[in-house]
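S.K.: If you want the building blocks of each chain, they are given just below.
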Amino acid sequence: MIQHSNQSVNSQTDDIKPPLTSIGVIGWIKSNLFNGTFNSVLTLLTLFFLWKILPPLIRWIFVDSLWTSTAVECRSVDGACWSIISANYRFILFGFFPHELQWRPLLAMILLIGLLLISRNRRFWKRLLFFAWVAGLFCMAVLMKGGMLGLAPVESTQWGGLPLTFLLAVFGLTAAYPLGILLALGRRSKMPAIKTLSIIYIEMIRGVPLVSLLFMSAVIFPLFLPEGITINKILRAQVAIILFTAAYIAEVVRGGLQGIARGQYEAAESLGLNYVQTMRLIILPQALKIVIPPSVSILISAFKDTSLVVIIGLYDILKTTQTTLANPSWMGFSTEAFFFLACIYFICCYTMSNYSRKLEKELGTSS
Amino acid sequence: MNTPPATAMNLPESREVIDIIDMHKWYGDFHVLRGINLTIRKGERIVICGPSGSGKSTLIRCINRLEEHQRGKIIVDGTELTSDIKNIEKIRAEVGMVFQHFNLFPHLTILENLTLGPIWVRKIPRVEAEKTAMYYLEKVHIAEQARKFPGQLSGGQQQRVAIARSLCMKPNIMLFDEPTSALDPEMVKEVLDVMISLAKDGMTMIVVSHEMGFAKSVAHRVLFMDFGQIVEANTPEAFFDNPQNERTKLFLSQILH
Amino acid sequence: MDNSLPSTKESENSIPFWHDPAKRAVVYQLATLAVVGLIGYYLFSNTVTNLHRQSIATGFHFLEKEASFEIGESLIRYSAASNYARALLVGILNTLKVAFVGIVLTILLGTFVGIARLSSNWLVSRLAAAYIEIFQDIPILLQLIFWYAVFYDSLPAPRNALEPIPGMFLCNRGLAFGVPEPHPAYRYIAIAFLLGCVGVYFLRKWARKRQDRTGLSFPVFSTGSAIILGLPLVIWLVLGAPTAMDMPRLSGFNFTGGLTVSPEFTALLLGLVLYTAAFVAEIVRSGIQAVSKGQTEAAMSLGLKPWQTLNLVILPQSLRIIVPPLTSQMLNLTKNSSLAVAIGFPDFVSVANTTINQTGQAIEGVALIMVVYLIFSLITSAFMNWYNKKIALIER
Chain A
5 MIQHSNQSVN SQTDDIKPPL TSIGVIGWIK SNLFNGTFNS VLTLLTLFFL
55 WKILPPLIRW IFVDSLWTST AVECRSVDGA CWSIISANYR FILFGFFPHE
105 LQWRPLLAMI LLIGLLLISR NRRFWKRLLF FAWVAGLFCM AVLMKGGMLG
155 LAPVESTQWG GLPLTFLLAV FGLTAAYPLG ILLALGRRSK MPAIKTLSII
205 YIEMIRGVPL VSLLFMSAVI FPLFLPEGIT INKILRAQVA IILFTAAYIA
255 EVVRGGLQGI ARGQYEAAES LGLNYVQTMR LIILPQALKI VIPPSVSILI
305 SAFKDTSLVV IIGLYDILKT TQTTLANPSW MGFSTEAFFF LACIYFICCY
355 TMSNYSRKLE KELGTSS
Chain B
97 MNTPPATAMN LPESREVIDI IDMHKWYGDF HVLRGINLTI RKGERIVICG
147 PSGSGKSTLI RCINRLEEHQ RGKIIVDGTE LTSDIKNIEK IRAEVGMVFQ
197 HFNLFPHLTI LENLTLGPIW VRKIPRVEAE KTAMYYLEKV HIAEQARKFP
247 GQLSGGQQQR VAIARSLCMK PNIMLFDEPT SALDPEMVKE VLDVMISLAK
297 DGMTMIVVSH EMGFAKSVAH RVLFMDFGQI VEANTPEAFF DNPQNERTKL
347 FLSQILH
Chain C
12 MDNSLPSTKE SENSIPFWHD PAKRAVVYQL ATLAVVGLIG YYLFSNTVTN
62 LHRQSIATGF HFLEKEASFE IGESLIRYSA ASNYARALLV GILNTLKVAF
112 VGIVLTILLG TFVGIARLSS NWLVSRLAAA YIEIFQDIPI LLQLIFWYAV
162 FYDSLPAPRN ALEPIPGMFL CNRGLAFGVP EPHPAYRYIA IAFLLGCVGV
212 YFLRKWARKR QDRTGLSFPV FSTGSAIILG LPLVIWLVLG APTAMDMPRL
262 SGFNFTGGLT VSPEFTALLL GLVLYTAAFV AEIVRSGIQA VSKGQTEAAM
312 SLGLKPWQTL NLVILPQSLR IIVPPLTSQM LNLTKNSSLA VAIGFPDFVS
362 VANTTINQTG QAIEGVALIM VVYLIFSLIT SAFMNWYNKK IALIER
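Residue numbers (our numbering), protein chains in the order written: chain A, 5 to 371; chain B, 97 to 353; chain C, 12 to 407.
Heads up, some of the hints might be wrong.
List time: in silico BS3-like cross-link candidates among lysine-lysine, alpha-carbon distance up to 27 Å [claimed, not checked]:
| # | chain 1 | residue 1 | chain 2 | residue 2 |
| --- | --- | --- | --- | --- |
| 1 | A | Lys56 | A | Lys34 |
| 2 | B | Lys235 | B | Lys182 |
| 3 | C | Lys316 | B | Lys266 |
| 4 | A | Lys199 | C | Lys400 |
| 5 | B | Lys227 | C | Lys216 |
No wet-lab data here; the hints were simulated from the structure.
For reference, chain A alone in the conformation it holds in the complex (with noise of 0.2 Å):
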């Protein structure tokens, strides 16, 4: 490789500092926010459209607003009442899980979280994250559940608010990942037969809403079961949201095989491997480093489209909300407590985007 030398450069020239309009503070002004009679404009339009939007939206926020008190005290208030939140928030956040024993969705949801941090940092992607996972998956089911440990059983038709979006979201795309692989290899498979199964499956849910797959799961799934066996409705909107899921995941893991190099398979194949050790110890793990962004993305879907369960009347945070304001008392707060759900939301999505796409540039850079 070429090299620069160590000799000094030439002292003349060091002396010279660029024009002071380019560099510091007014360069930086001058190239981003003045650069040319177009932008000025631009710039000084949408200074005056915020100093007409943003003064009041903060007085409406901060200055004017209520943040504990009573509905009627909030009724004589011109600024946002955010004591809807403050008076509501346990209603909200947990739905109709006993009282006394909300400390358990609770930590079902510190116990998630904490996986979850744990697993963005990719020191940590080993065995044992696995078997953590799993060990956490099944010491939330029995937070939520009870029943065992000495906890008090607790029926799913009461688990509502934020634990069960959580666990919707995470349990679909979990549950749905090993089938969404099995449709992938499925779809990629040289036996028509299986393809063709595949390929319908695929295209049928993917082409379909999830609003009529919930539907479905509401009031079709129960004729589908011999008589005196029922399944719970939250359950059923679960097995609905991993066979939605399970579809896009396979699109997304097909992207992944397609991406691995023939040679692989060859080589694979050369060694002596039969199709079985081939996928699981060669191509899938190459396939899934590969599919791990756009895996994240799919979970921010689940995650949204969660809120969808509201339309077959199961309690996640949204229907919560929309309770409380049915209340007479909070009626017509509406946008505070939207927009409170709203900050829950982004703030949830936003990190695990932002993520995705840190881990984008890390896998890109990497491979």
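Please arrange chains B and C on chain A, whose structure you already have, making use of the hints.
M.R.: Here is chains B and C on its own, set in the frame of chain A:
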């Protein structure tokens, strides 16, 4: 040092086509070109070499305003290069550029790549533009690929097309930014051969390259740049056989191993 | 010659059945089909038993029965006495109405925000980035319900309606604005507009031929715009310049006259457009960025002006990258319009839901929903395949 007398280069006394006077350029605080002084005559062929980051690509990109200089003057064929858009357009029509990564337009056929400039900039009727295009395609030995798309050609073929594309605009000066660096070794010769035939036709050429064989055979001057300055400039024989500056000697020892 | 090696035919016969990949494949497929078939049969027989037990009818005869429910807004004539088939048709038309208007607005807004995101103006590009990030990360259903609640909780009653623009009223019964009163001139204006479009098409062809012949370029854009806008204007003037507008007037508890857009439709449209435009903006942005800088530099080095570079070099390449994911987003918008059921806009899913509730025939109802959306998906896929084939870059 930067303007040896014409007689020393076997060139008839010809006019100056490029005049760069005390040119400086900064990227933010980074002083990438420090006081460049360079005069180039019509018909002259210059090869610029130097380590990466020395500013050689930036220098030639300043000549057709792909980069802006902050201080000093650049005068091309009598027109000074300023922010005035009319001057810039005038200069760009006279100066052709060949890029390291070819930059052919993938959605157009080879023929359309070549006729785009003449039709839309010089307002030449299509039939005449196509005739000129076929002429230059013949010159670079690639006429049979006229109806194909860039994606169907090899790297060497694409670069030859890129040279033909610039030639269709009938420029006075041709700039080459590391034209063979992105090519597989077996394709470098076909591109260099085209450049040599261009030199034989008397084109004024400024070439940023490490192809020292090419420099020795056609260049009038070889310039060595380091840290944004022209450190040494001389005829190829003097440059390679008797480098004056320590840094030049170091660079040459690293690339001629 | 050495004949000790068995011929291939002999060796085929001596391979055990189980080791032959071709035969194994057949076995696997038969096994899969058998399993799928058995599960299917099991579900099917359970369903039949359960339907029978609950005395739910089967078949599509319900479509001829009287619907006996009202639908809030409809593009065609409908009353509670119409049959279910007509009700479902109303639903489909409403879905198409929302989808069509939504797609147009989304493409406009998304392109604008995508280009703003690439602006060299820091303020503008940061605001665009904020918009994209915020509206992508909030669930679409929440956005729909939010806008719907804004209508009911924050907007005043008709008698106190907001008037952002004179003649346009915003209240909790919807958005009311004036429309031009019917006048024969409008028919001719419409014809003039269509003629203008056709004329501009031929103008372009002529200008292209002329340029090929002589090299001179003709200002097609400015002339064309003048024709498309000017011709209808001239007709309007000639036919008496009618300006009578049918404005909304407050009468009783609501507005009459003009055109009123319901809160449900407005909330649905607003939510869908703002949400999908955020995704479209990203698609447009990455499509434009994907065209390498070198293309712009090569074009500029040839002397092409900025608008020529955009038209001839950048846009053709960008559109190839933008159109496929854009089409997916348009399909997503159509699928998301099914959430109208949550805010009471009578789209197809909403109407089908009511039908299911009244007739109890859930399987037929859900099947209808799926079939209709599958048809939308198939049309979209067909379009995308056609487009991809047509503009694919030819490579070795």
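S.K.: With the threshold set at 27 Å, check whether the alpha-carbon distance from Lys199 (chain A) to Lys400 (chain C) stays at or below it.
M.R.: holds (24 Å)
S.K.: Below or equal to 27 Å on CA atoms is what counts here, so check Lys316 (chain C) against Lys266 (chain B).
M.R.: holds (18 Å)
S.K.: Would the hint linking Lys235 (chain B) and Lys182 (chain B) be met if the CA-CA limit is 27 Å?
M.R.: It is violated: about 32 Å lies between the C-alpha atoms, which goes past 27 Å.
S.K.: Is Lys56 (chain A) within 27 Å of Lys34 (chain A), Cα to Cα?
M.R.: The hint holds at about 24 Å.
S.K.: What's the verdict on Lys227 (chain B) and Lys216 (chain C), does the C-alpha distance respect the 27 Å limit or exceed it?
M.R.: holds (23 Å)
Violated hint for the displayed structure: number 2, the only one.
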